[in-house]
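**Q** Based on the sequences and whatever the hints tell you, model everything.
Chains as they are written, first to last, in this note's numbering: chain A, 1 to 276; chain B, 277 to 552.
Note that these hints are calculated values from the structure, not bench results.
Since we're looking at a predicted model, the values are computed, not measured.
Among the clues, some could well be false.
[Claimed, not checked] Interface residues of chain B toward chain A, partial, derived using beta-carbon atoms under 7 Å:
id, residue
1, L396
2, V472
3, G504
Note that CB positions come from ideal geometry on N, CA and C, so glycine has one too.
Take a look at the letters that make up each chain.
There are 2 protein chains.
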Amino acid sequence: MRDFRLTVGQWPVSDERDENLRRAEASLRQGAAEGAELCVLPEMFQTPYELGKMRARAESLEGPSLSAIRQLASELSLTVVAGSICEQRDKDFFNTSVVFGPDGAVLGVHRKVHLFDVQLETVRTQESLVLSPGEVPLVVDTPLCRLGVAICYDTRFPAVFQFFEKAGVEVVAIPAAFSQTTGTAHWHCLLRSRAVDYQIFLAAAGPAPNADSSYVTYGHSLVVDPWGTLLAEAGTGEETVGAKLEAETLTRVRRELPLIAHRRADLYRDWFSENS
Amino acid sequence: MRDFRLTVGQWPVSDERDENLRRAEASLRQGAAEGAELCVLPEMFQTPYELGKMRARAESLEGPSLSAIRQLASELSLTVVAGSICEQRDKDFFNTSVVFGPDGAVLGVHRKVHLFDVQLETVRTQESLVLSPGEVPLVVDTPLCRLGVAICYDTRFPAVFQFFEKAGVEVVAIPAAFSQTTGTAHWHCLLRSRAVDYQIFLAAAGPAPNADSSYVTYGHSLVVDPWGTLLAEAGTGEETVGAKLEAETLTRVRRELPLIAHRRADLYRDWFSENS
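**A** Given below as structure tokens:
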């Protein structure tokens, strides 16, 4: 990777698609104005995170929402992790994130692998009723860094980050719509711990809470470095916050606390062999 | 597992072995008096965590330090995770934790697998100069729960917890001597995140900071539940703190947020196959 500036954007996603797209545009324009080269948008950035609405708002990868983001990436010369949309592909629907390069090219597509089927007292949802899962996290070489993309619940699964580690990922972008309940309990802890364990920069963008929604998100979009230090954090409103990622931080942390070098793959093979 | 009470004990470990053993005894007696059935002692509980002193203070598993703890376990009818000592076995030295049952029987032995070789600005140490590594984390069935034991730096390695998960572990005990630097940056975050990710209770016991030592530890021994909630936490002095672990919490968290059930082992096989 090389040094570069990055932003994460959040806003209270509403039922009005065009309003959401205007807010996405404002976030990207602010990023570009601040000198960012990579901008991350929230999970479900053009329709509220509500199971009952997802399919009706689905688009293809060439639909109006992603076309608008693609055009902005090109106009502003930004690499953009286009949060996620509900994608329709033939008869199937996915929670899908697209990475656009600064020329507007599609650098990669991630379809959420782990669907959010939970029965918490305050959060009951079953994505698998309306969505199909993807099969593998996205790893893509951008002009800035080797980038990994995972969506929200994917973050809960260490295997996703072990896959990123194996692929040599340096920066992970996470569009995510944690709820008030899980966000309060786990958001900072999980994201900081992933950055520390796998010695990566991590940028997570979530929708700001919208009290009108049946699913109230947490906000607090953030950027964290491989030591677990919060470089930037939004509150709960419409905000785009940024940080400069310095390649030397990653090199230094991996040298001083060589967790990756200290993995004992020789032992782990025995621990996890079919026969043990 | 069944419901039971647990304590973690910490004190500023000094050069005086017998003083350390008196403090260990006080911690176990306090645990027993409070109705605890499992008591966890700190890493290197009978000699300060200093590379230069470890070998000189080494004992066998039948040496005076562990014999004293064994006798107390039996007298007080406690299951005890006897922190760790520097163990000498023939010509080799290990950072070793022993689990005693309430009848004084040795239930299991863990030798630290991941040796702490780091070059942080404020923490430079190389355990591998004086210690040999163990080969596998300990999993042991106690009368209370299926217990996993890992020591300090082992905690940094997700594979250790994936091994515990595979073995059906419910409670993990971690004798640990994090430094001021790494403790301030990572102690709460890492320990809470491990409990949340692997849906376990976790009890970590570290020596209280001793300003006279060349390696100043962090203290803050703690107990956390599978939702990441801190059930008990010590400060930086000589303290034994406890919490009741309720089996229903573990069952409920695993039911409501079924992370373990949601692992996609079918996909992970492909992600990590030798050919991919």
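**Q** Evaluate each hint against the coordinates.
**A** For each hint, the structure was consulted:
no.: 1; hint: L396; in the structure: 5 Å, holds
no.: 2; hint: V472; in the structure: 6 Å, holds
no.: 3; hint: G504; in the structure: 6 Å, holds
Of the numbered hints stated above, none is contradicted by the structure.
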